[in-house]
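Chemist: Sequence:
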Amino acid sequence: MANCPTPPQNTLETCKTNEQWSGRMVALLVVGCVGSFSLVLISSFFLFRYCKRRGCRVHDSGPMEDPTVVDNSRPTAEIGTNRVLEKRLSHLISLGNGGQLEDFPLSVLLEATNNFSEDHKIGTGSFGSVYQAVLSDGREVAIKRAETSTISSSAWGTKRQEDRDNAFLNELESLSRINHKNLVRLLGFFDDSHERVLVYEFMSNGTLHDHLHKLHQSSPLAASWGRRIAVALDAARGIQYLHDYLSPPIIHRDIKSSNILLDARWTAKVSDFGLSLMGPDDDTSHLSLRAAGTVGYMDPEYYRLQQLTTKSDVYSFGVVLLELLSGYKAIHKNENGVPRNVVDVMVPYIVRDEIHRVLDPKVPPPSPFEIEAVKYVGYLAADCVITEGRHRPSMTDIVNCLERALAACLPPVTLSRSSTDSSM
Numbered sequence: 001m002a003n004c005p006t007p008p009q010n011t012l013e014t015c016k017t018n019e020q021w022s023g024r025m026v027a028l029l030v031v032g033c034v035g036s037f038s039l040v041l042i043s044s045f046f047l048f049r050y051c052k053r054r055g056c057r058v059h060d061s062g063p064m065e066d067p068t069v070v071d072n073s074r075p076t077a078e079i080g081t082n083r084v085l086e087k088r089l090s091h092l093i094s095l096g097n098g099g100q101l102e103d104f105p106l107s108v109l110l111e112a113t114n115n116f117s118e119d120h121k122i123g124t125g126s127f128g129s130v131y132q133a134v135l136s137d138g139r140e141v142a143i144k145r146a147e148t149s150t151i152s153s154s155a156w157g158t159k160r161q162e163d164r165d166n167a168f169l170n171e172l173e174s175l176s177r178i179n180h181k182n183l184v185r186l187l188g189f190f191d192d193s194h195e196r197v198l199v200y201e202f203m204s205n206g207t208l209h210d211h212l213h214k215l216h217q218s219s220p221l222a223a224s225w226g227r228r229i230a231v232a233l234d235a236a237r238g239i240q241y242l243h244d245y246l247s248p249p250i251i252h253r254d255i256k257s258s259n260i261l262l263d264a265r266w267t268a269k270v271s272d273f274g275l276s277l278m279g280p281d282d283d284t285s286h287l288s289l290r291a292a293g294t295v296g297y298m299d300p301e302y303y304r305l306q307q308l309t310t311k312s313d314v315y316s317f318g319v320v321l322l323e324l325l326s327g328y329k330a331i332h333k334n335e336n337g338v339p340r341n342v343v344d345v346m347v348p349y350i351v352r353d354e355i356h357r358v359l360d361p362k363v364p365p366p367s368p369f370e371i372e373a374v375k376y377v378g379y380l381a382a383d384c385v386i387t388e389g390r391h392r393p394s395m396t397d398i399v400n401c402l403e404r405a406l407a408a409c410l411p412p413v414t415l416s417r418s419s420t421d422s423s424m
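Every letter in the sequence shown is one number past the one before it in the UniProt record's numbering, and letter 90, counting from 1, is 90.
Rather than coming from a laboratory, the hints here were simulated on the basis of the structure.
Be aware that a few hints might be false.
[Claimed, not checked] Within a straight-line C-alpha distance of at most 30 Å, the following computed DSS-like cross-link-like pairs (lysine-lysine) qualify: (1) Lys362 - Lys214; (2) Lys121 - Lys375; (3) Lys375 - Lys214; (4) Lys329 - Lys121; (5) Lys333 - Lys375; (6) Lys121 - Lys214; (7) Lys362 - Lys375; (8) Lys181 - Lys329; (9) Lys362 - Lys329; (10) Lys333 - Lys121; (11) Lys181 - Lys121; (12) Lys181 - Lys333; (13) Lys375 - Lys329; (14) Lys333 - Lys362; (15) Lys214 - Lys333; (16) Lys214 - Lys181.
[Claimed, not checked] Simulated DEER-style distance windows between Cβ atoms: (17) Asp119 - Ile331: 13 to 21 Å; (18) Phe369 - His194: 18 to 26 Å; (19) Val338 - His216: 26 to 34 Å; (20) His356 - Ser218: 21 to 29 Å; (21) Pro339 - Thr387: 37 to 45 Å; (22) Glu111 - Lys181: 42 to 50 Å; (23) Glu403 - Asp263: 19 to 27 Å; (24) Glu403 - Arg139: 30 to 38 Å.
Because the structure is a prediction, the values reported are computed rather than measured.
Backbone N, C-alpha and C define an ideal beta-carbon position, used for all residues, glycine too.
Construct the complete structure from the given sequences, taking the supplied hints into account.
Modeler: Pasting the structure below:
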């Protein structure tokens, strides 16, 4: 087996009058203050006039709709206007997904979900609720709906509406460009001034998050470490496609276990592109914008420097690998109720080569063939969450590592003499 990735080093970063005035000097000081104040007033007036003409708006982060999800990266000027949204939507519809995107009538979706009843609701996405439904032609689908009519007319309500509109268009824009077996497939949409709906293939085995943290012993992910590594490899291949096979690449920005879905054959697929962005064409460039993502999975370098690269997705995927190995949530509480980050808790054990202290006890102990593979995945996870993004592996490196790890989980094939003779 190839040498394991080098574990990250434990480093700590630390952060560290004259008493008398003449009458003339007082007069000069007063005149200077008055002049400076006048200059500020004049400058402010002309700045106000300029901003009014150019449509400038002041950024206001406002309260977060979901305390675990952060998205401060959207430009606010004009992006939420109907004209801009409709222009983008018309362009995306003209592109389609190889001409395969369906424009569903709202009546069909209402019938399939019983008017979006709670009985059909199975979760929430980046811009609205998700419903399970069966269409009249027998297709089982997942339907994402943004309920625009419930948004208030306040400034914060308008911003929330813009965020949901952009999540809708980002998802449509991203998924109209891609076709990969490890990315959830978009089937179609519905859009008018009151409703925005996306329709996807249905993933019958739910989210990786639920299988890890609400684990039933009948789940294949409780059966063996090989199963878990196979799921990690599926998801890695989907992200690799986004980064390395598209030009420009797509940066997902919200890789997490609840955005990795499992189909009827337990194939893992990456979902929810509501925060995704098109990235720079080369690894040396970055996008400068404020951080977005989910607490616990968000790249600390991206959060600190506000510079987005594909390595931000790599960090998030490293957190998912640590979840797969440990069975702990990205942010969880210890026995005393103190919140902890899975990176802070598990990486030191991996670096000290104490993988047995990391492994999820709900899975049987690794076989002799699995133990080296599990160690290898542990070192890989530690490399993914290194503080400096430039030292993290690429998704292609990760796919190659996971392929070797999965192969190592299988006992070597030995051919008997009779089987060899029969094949000749």
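Chemist: Take the hints in turn and mark each one as holding or not.
Modeler: So, going through the hints one by one against the coordinates:
no.	hint	verdict
1	Lys362 - Lys214	11 Å, holds
2	Lys121 - Lys375	39 Å, violated
3	Lys375 - Lys214	25 Å, holds
4	Lys329 - Lys121	24 Å, holds
5	Lys333 - Lys375	25 Å, holds
6	Lys121 - Lys214	19 Å, holds
7	Lys362 - Lys375	17 Å, holds
8	Lys181 - Lys329	26 Å, holds
9	Lys362 - Lys329	14 Å, holds
10	Lys333 - Lys121	29 Å, holds
11	Lys181 - Lys121	25 Å, holds
12	Lys181 - Lys333	35 Å, violated
13	Lys375 - Lys329	20 Å, holds
14	Lys333 - Lys362	18 Å, holds
15	Lys214 - Lys333	16 Å, holds
16	Lys214 - Lys181	26 Å, holds
17	Asp119 - Ile331: 13 to 21 Å	31 Å, violated
18	Phe369 - His194: 18 to 26 Å	57 Å, violated
19	Val338 - His216: 26 to 34 Å	28 Å, holds
20	His356 - Ser218: 21 to 29 Å	26 Å, holds
21	Pro339 - Thr387: 37 to 45 Å	20 Å, violated
22	Glu111 - Lys181: 42 to 50 Å	30 Å, violated
23	Glu403 - Asp263: 19 to 27 Å	20 Å, holds
24	Glu403 - Arg139: 30 to 38 Å	33 Å, holds
Checked against the numbered hints given earlier, this structure breaks hints 2, 12, 17, 18, 21, 22; the rest are met.
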